[in-house]
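Q: In the order they appear, the protein sequences are chains R and V.
Going by this note's numbering, the first residue of the first sequence is number 1, and it counts up by one from there.
Going by this note's numbering, the first residue of the second sequence is number 1001, and it counts up by one from there.
The reader is advised that the hints may include incorrect statements.
Unchecked claim - Footprint (simulated), chain R over chain V, 3 or more residues, beta carbon under 8 Å:
1. 1017-1030
2. 1057-1066
3. 1088-1096
4. 1101-1110
Bear in mind the hints are in silico, worked out from the structure with no lab data behind them.
Heads up, the beta-carbon is just placed ideally off N, CA and C, and yes, glycines get one too.
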Amino acid sequence: MVFPPLDSPQWHRPLRAFAFGMAAVRWTILSAVLFVTYIGIGALAHDTHFSLAWALLATLLVWAGPAQIILISTLASGASVVQSAIAVTVSAIRLFPMVVAVLPMMRTPETKRRQLVLVAHFTAVTLWVECYRFLPHVPRERRIAFVHGLGSGLALIGLVATAIGYELAANLTQTLGAAILLLTPLAFLFSTARNSRELADGLALGLGLALYPLASLLDSGLDILISGVAAGTIAFAVHKWREGP
Amino acid sequence: MSDFFGDWHALLLLLVAGVIPNQIWRMLGLWLGSGLDEGSDLLVWVKAVATAILAGVIAEILVHPPGALASVPGLLRYGAVVVGFIVFVLTRRSIFAGVVSGEFLMLAGKWWLG
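Let the sequences and hints guide you as you build the complete structure.
A: The following block contains the structure:
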């Protein structure tokens, strides 16, 4: 990771800061995780008979791997629009605290809210994690331009991977197709486990895995929602109990 | 053109069931976020529920596998994840090592079963 010093004249031009941000995708292992995840999403979209353009548009406009997977798999399994929308929106709740945490890092007293709309759109787990790492090396008044570049670079990776995964699933043997679809649960599980620094998050991950098979016995169409709220609430209760009064 | 995008119905589904329910939380974060404390109980709970929902998504793909993944026997799917996770822990949380070893076990098992 090599950035010019904070007071360097190289930071004077916003376009240059944008370019630094875009180039910064090289310095994160999460770019590879993102690539692998979107290969899986592209393959999933193919195997559930969505068009390639639909899959690309979803990557561009939704820009959240879990939401895209939930959207594709619920629609493909015959859930109603309302059921899909509820499952997607519940999975997206986690974006709220991420946006809340990311924005103060680049806000200045002069910043207008509309200048942060695109930053909010790009915010997802990868950008959230990398902002903590990169932004201390970026002058505050250039951070929005930098994050626009970083977000664009990551989105480009996601779009290319979606297309590659889609085409691979269309042309590969069944075994290799299965290997690509297996990338998604593996990449999500390990990247989430790596980001679960607090007990509540680790517990929520383990309990969420364990409770889903039970909830799916209910066959309610909202199984993910039911197991998620139950497991998350138990994890939160344990966290409070450990914290003491 | 309609072949390229699929039908308009699919695009409408994307907007109504995907884009809007997802983006609403980002925009709420943008509009309401400045007054919230990151360590507040509400946000800790929200984060735990969101993590558990993600875990549910992972479990769903493994328990009810889509497309080509359904051709892999259940025990092999679960085994690949368990072995991948063990390697992930042993390598001090290397995502790459975990993914590669999980994939390797699945492919080796499938080859062995014929």
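Q: Taking 8 Å as the Cβ threshold, is the statement that the stretch 1057-1066 of chain V is covered by chain R upheld or broken by the three-residue rule?
A: Answer holds; 10 residues pass the 8 Å Cβ test.
Q: Given as covered by chain R, does the stretch 1017-1030 of chain V meet the bar of three residues or more with CB within less than 8 Å?
A: Satisfied; 14 residues make the cut.
Q: Taking beta carbons only, do three or more residues of the stretch 1101-1110 of chain V come closer than 8 Å to chain R?
A: holds (count 5)
Q: Would you check chain R against the stretch 1088-1096 of chain V, counting CB to CB pairs closer than 8 Å, and say if three or more residues qualify?
A: Coverage by chain R holds here, the residue count being 4 at a Cβ distance below 8 Å.
The structure is consistent with each of the numbered hints, conforming to all of them.
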